[in-house]
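Going down the list, the sequences are from chains A and B. Using the numbering used here, the letters of the first sequence correspond one by one to residues 1 to 355. Using the numbering used here, the letters of the second sequence correspond one by one to residues 1 to 344.
Don't take every hint at face value.
Now the stretches of chain B that chain A is said to cover, found in silico as 3 or more residues with beta-carbon under 8 Å [what the hints assert, rightly or not]:
id	region
1	12–21
2	41–51
3	195–204
4	257–266
5	315–326
Computed cross-link-like contacts, DMTMM-like style, restricted to lysine to aspartate or glutamate with a CA-CA straight-line distance of at most 20 Å [claimed, not checked]:
id	chain 1	residue 1	chain 2	residue 2
6	A	Lys135	B	Asp247
7	B	Lys321	A	Asp120
8	A	Lys135	B	Glu45
9	A	Lys69	A	Asp120
10	A	Lys69	B	Glu45
11	B	Lys242	B	Glu113
Calculated directly from the structure, the hints in this document are not laboratory data. In this text, all values refer to a predicted model and were calculated from it rather than measured experimentally. Note that CB positions come from ideal geometry on N, CA and C, so glycine has one too.
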Amino acid sequence: MTGPEPAELPSDAGGGAARSAEMFQGIRRRRGGRHGGRRGGGEPTVVPEAEFRSYYGRPVLKAPVWEWKIAAYLFCGGLAAGSSVVAAGADLTGRPALRRSSRLGSLGALLASLYFLVSDLGRPERFHHMLRVLKPTSPMSVGTWILSAFGAGAGAAAVDELVPRRWRRTWPARLLRRLARPLGLSAAATAPGVASYTAVLLSHTAVPGWNEVRDELPFVFVGSAAASGGGFGMLCAPVAEAGPARAFAAVGAAGEIVASRVMEHRLGLVGEVYREGHVARLWHASEALTAAGLAGTLLVAHRSRVGAAASGLALLAGSALQRFGVFEAGVASTKDPKYVVVPQRERLDARGSRP
Amino acid sequence: MNRLYGPLDDVAGDAGHVEHPPRVGFFTDTSVCIGCKACEVACKEWNAVPEDGLDLLGMSFDNTGMLGADSWRHVAFVEQARVTGRQDPGFAGLPTGPSGIPETAGAVEARLEAAPRGGSELGTEPLPPGRPEPQALGMPGFDRPGDLTGAEGRTDFRWLMASDVCKHCTHAGCLDVCPTGALFRTEFGTVVVQQDICNGCGYCVSGCPYGVIDRRQHDGRANKCTLCYDRIGDGLEPACAKACPTDSIQFGELDELRERADRRLAQLHDLGVGEARLYGRDPDDGVGGDGAFFLLLDEPEVYGLPPDPHVPTRDAPAMWKRAGQAAAAFLLAGVAAFVAGGRR
Ligand code: SF4
Ligand code: SF4
């Protein structure tokens, strides 16, 4: 077996011999570069293609099995949370139209979000297995319980709005009426959990595009939830009652824009998945709609019913596209081994160890 | 914080098993793997794992592609123009040229890009058929390999083969995120899915930093290697280790396997195979060490493994803290909006 000494003893695979070895082990793949050569603005990027090795260019991670329904769930959950806060505030401050529409909007969004969640399961008929355990290490488990607590309050408060007039005097209706306020408040108290836990749900994965935005994503998501909840109030309630909804929406929209900007700027290599292709279009459209909605909220929504409705719609659409953008960015980051290998390799090299 | 991250001496005990057998695992020594795929076949047979799609991928002799719901062992094949240690592949006097051509990689790359999940569906589902256009791979040829290129075009050659498997991590991303409790830690310290509990939420698929576990089509539940939970409970070794003809796959108590691996590594280094390294052996790594670890002859990413994975749970406290701050800001904004708006 021992032949002549090779001229260069390859003592380390990271050395020249392996580096210069040819393509047929998939040393580097050009994938990201193909559709990724340009930024949104149109000028070619000057960042050189990252060099890395891979197994025939095959992904290292499994792409999420979740479909678009999970992105839709993120939006509906945020809307339900935002609306329930508006509903509780409207209830306490005597704004019946805003209260009624926000309670109903909250329930509608909650039901939609439950539909999206359950139908995305591989075995939808087993959805109740989520309720077997409470597992602090699983954001989905924690979220299930937060959502259950929230759903009880938000649901009961909305049902109170739906009781027909001729049943109003029956004792169950009277009991419900008395409980509607505390239950609505309990929903508002759990709403911040509903609005923010979904960020941990995404970040608590190996998916680079979600994991590496863990510091900013909760702020992006609560901003988005507030913007959509406030926007929904502006869409449905008369201008005279919707003042607090406008304020809530404006703060949320501003927070969403700032947080997502910060998030995108801080990202290293994996930021590409937010800046390129399909996701970049979603992201830009979301920011444009949210900014337009914010401007409308500040400038016209307090004097024009139509302006208020249009601003509310823009905020809702911006919030929805925001969720789809983040969702798709994560999926894209699993399909190219680059986003796994390059940062991890840099980390190892910085530590001076090469396993 | 050791229970979420870092070394953990007694994994089964930490999971609540009071009296339990020692932790077991695999040591896969890829330096002796001959690529026979007996492990893949034995696993499919014993565990009744369904077909994952018959295909010719263009990844050397690897037509499985990746671990997945329907592939619990996966043998990787890597062709390289270099030698292992001081071995002489014996090509110097033979009319033998490069063993592979860039087109083989090019052929599979186009299909990976066109696949809905970027190729990560391999091991669970076949890739969509077809490719943009047929690729000439030089076969069948009527010349001996290398005859046409001449001696200058001849290269060194080695063929790396490695049987990959679920790592049965000390801190398992899949297990941590499972919301139903379907994934659990066995008394042997391994990680197993309970099929009667799993509701197919798919969270584990994104929680695994190695791209191992996946959801099975038409069945809707997550599937992966059980380290033959049924066999080891009866004192048998797992089917793959049993079938492996070269003992590349070694099953045993983890502590003992680690010692054995250290000895093997020292031996290879003495023989001049400086590129040999252990992967997943170190309890200080990002997942607290793997229950199934490997001896590799090149960097992990060459075999499709992540070079420095960590369990997402490592950052859970920090993530919840940020979420708490964001939640507080959200509530504050809501309260402030109504306080400023006043009563009507
Ligand atoms: S995280 Fe991945 S490698 Fe680790 S035990 Fe789970 S499926 Fe196996
Ligand atoms: S332990 Fe059993 S299930 Fe796991 S790879 Fe080996 S044979 Fe397959």
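Status of the hints after comparison with the structure:
1. 12–21: violated (count 0)
2. 41–51: The restraint on the region 41–51 of chain B is violated, since only 0 of its residues have a Cβ under 8 Å from chain A and three are required.
3. 195–204: holds (count 7)
4. 257–266: As far as the region 257–266 of chain B goes, the hint is violated, because 0 residues have Cβ atoms under 8 Å from chain A.
5. 315–326: holds (count 10)
6. A:Lys135 <-> B:Asp247: violated, 39 Å
7. B:Lys321 <-> A:Asp120: Violated: B:Lys321 and A:Asp120 sit about 28 Å apart, past 20 Å.
8. A:Lys135 <-> B:Glu45: violated, 35 Å
9. A:Lys69 <-> A:Asp120: holds, 7 Å
10. A:Lys69 <-> B:Glu45: Violated - the C-alpha atoms of B:Glu45 and A:Lys69 are around 36 Å apart, more than 20 Å.
11. B:Lys242 <-> B:Glu113: Distance of about 37 Å is beyond 20 Å: violated.
Checked against the numbered hints listed earlier, the structure breaks hints 1, 2, 4, 6, 7, 8, 10, 11; every other hint is satisfied.
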